[in-house]
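Novice: Line by line, the protein sequences are chains Z and L. For the first sequence, my numbering assigns the number 1 to the initial residue and increments by one for each residue that follows. For the second sequence, my numbering assigns the number 1 to the initial residue and increments by one for each residue that follows.
No wet-lab data here; the hints were simulated from the structure. Please read these numbers as outputs of a predicted model, since none were measured by experiment. Careful, some of the hints might be misleading.
So the derived label-pair ranges between C-beta atoms look like this [what the hints assert, rightly or not]: (1) L:Arg-116 - Z:Ile-256: 46 to 56 Å; (2) L:Ser-177 - Z:Arg-31: 20 to 30 Å; (3) L:Ser-177 - Z:Leu-128: 23 to 33 Å; (4) L:Gly-178 - Z:Tyr-129: 18 to 28 Å.
No residue lacks a Cβ here, since even glycine has one placed at the ideal position from N, Cα and C.
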Amino acid sequence: MLEPFLLRALLFGLGLAIVAAPLGCFVVWRRMAYYGEAIAQAALIGVALALALSLDVTAGVLIVTLAVSGLLLLLSRQQVVPFDSLLGLIAHAALAAGVIAASLASGRQPDLLGFLLGDILAISNVDLYWLLVGGAAAIAALIAIWRPLLSLSVHADIAAAEGTATDWVKLVFVAVLALVVAIAIKIVGALLTIAFLIMPAAAARPLARTPEQMAVIAGVYGMLAVAAGLLLSVTWDTPAGPSIVLVLAGLFTLSIVPSVLRR
Amino acid sequence: MQGREGLDWPLQPTAGLLLRDRPGGDDAAPQDGGHGDGAHDHAAHRAKPALPHAPGALISARGLTLARAGRPILAGVDIDIAPCEIVTVIGPNGAGKTMLVRALLGLERLDRGEVRRREPLVIGYAPQRFDIDRAIPLTVARFVALGRPAAPGGEIAAALAEVGAAPLVERQISELSGGELQRVVLARALIRSPDLLVLDEPARAVDYAGEAELYTLIGRLRTERGFGVLLVSHDLHVVMAQSDRVICLNRHVCCSGVPDTVAQHPEYARLFGPQAAHAFGVYQHRHDHSHDLAGAPCPAEGGNRKPEIRNQKPGDDL
């Protein structure tokens, strides 16, 4: 029988894979991988905030990811610095600030590696509640904005000319992204959260004929990778996040073999 | 609300709309008056009192002014599109045609000016550039349906058939050629049952036969369905037969009127004559070629072809 900690990690990972799949598809379609990366790397600041204020870690991280997400949305309107450079700058500045802040916070040394790369031992019942409530909210929000968000992702100008409330849709989307990233860092870590979002979606692309198919296939791949990755993790005592991401990388490689050979 | 005004008005623009932006009568304009008077035109335009927004127009803009990176793109442009009217905006490269369209659609921030829309106004839009995004798996049918949620499959098929893209219905958007994609984008605009169809260089990716066919189709649909059309084109000849009114744009409105009038206008000759010989190059090209339409290189001796364009009659090359 499964150890309780492993059962919690498995439930958490499988649930997260379901939430991450449609969100990850939109991150891929909207080319927001680095946007998400910047949000995720800021998560450590949230960890420090939570330690300093004795908050739940996910709550602290969520405050910071939401704030950074909103800030990035504002900054994406400026045209002085190329946005990808800006994202790289903010991601690494946030990581540096987060590591220092987490080291200074509350005197005791936090498990930095666990927050950076994920730790299955860290999944508590509280985290499962976070996933249940936050994940359900994320899925509900994505379903509500699905059509306008898809239209916006296919062609932003046509969508706007047709009367889509593009600013609102974008705002809801980046808020959902911040929420899921905040929940996900527990198991895959701040450095690998975006990989966990985009890899199943990218691997699902060659098989998919519709956006919804891509999301479903991504969900299946994500759950497979969570199960296989956790198995690796408990068998060889490897960190959870890297194990899951490595399985996803393998799935992605297999998925693109046919289209590479066809060329 | 004076919506009536437009309904029985497929081909006869009102005199006010027709004459509003012409810098001077045809007869009064000196033959050589076009040389280097761009600044003068701007000054003359600004001096004019602002006209009220046209009542009953689908969209009515006054004094549209915008600059980007310190460079003026549009300077005091007025434009109205009435119900069931086809308005074509022509002008050389860099004249601000696409920016004008984007400003009217609310896609660009204005420095000055105002755009008024009739409410409600359903817009169908086919932009100039449509970069295919291979990341999104999407069938043609689904793409068209994005224009109108819950559109029945039959209507999607009908819209695609209308633009000659019926066989594409189950294809992936990422597999389409430029010309196919342009038709599919037009089908998406049509399925919305638009009040106003906005087409920015719709013939960019189709060959000459396709271009003439496309404009005939737009003209026919306008008559059948009664929507207004704003069309952007790089030259007048092909669109001429279908346009009710032509606006010649070069950051400001140089001249406007029925196609015949504009083709005879000195401002038009000035814009498309010595300055933009390529317009003639393309035009000349058409007589012995039926392809290679967009952006054909210009013959150097455009200047001495000036008389040809001034005598141009609508339909000569159609």
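Novice: Take the hints in turn and mark each one as holding or not.
Specialist: Here is what the structure says about each hint:
For Arg-116 (chain L) and Ile-256 (chain Z), the Cβ-Cβ distance of about 51 Å falls inside the hinted range of 46 to 56 Å, so the restraint holds. Between Ser-177 (chain L) and Arg-31 (chain Z) the Cβ separation comes to about 24 Å, which falls inside the hinted range of 20 to 30 Å. Between Ser-177 (chain L) and Leu-128 (chain Z) the Cβ separation comes to about 50 Å, which falls outside the hinted range of 23 to 33 Å. For Gly-178 (chain L) and Tyr-129 (chain Z), the Cβ-Cβ distance of about 52 Å falls outside the hinted range of 18 to 28 Å, so the restraint is violated.
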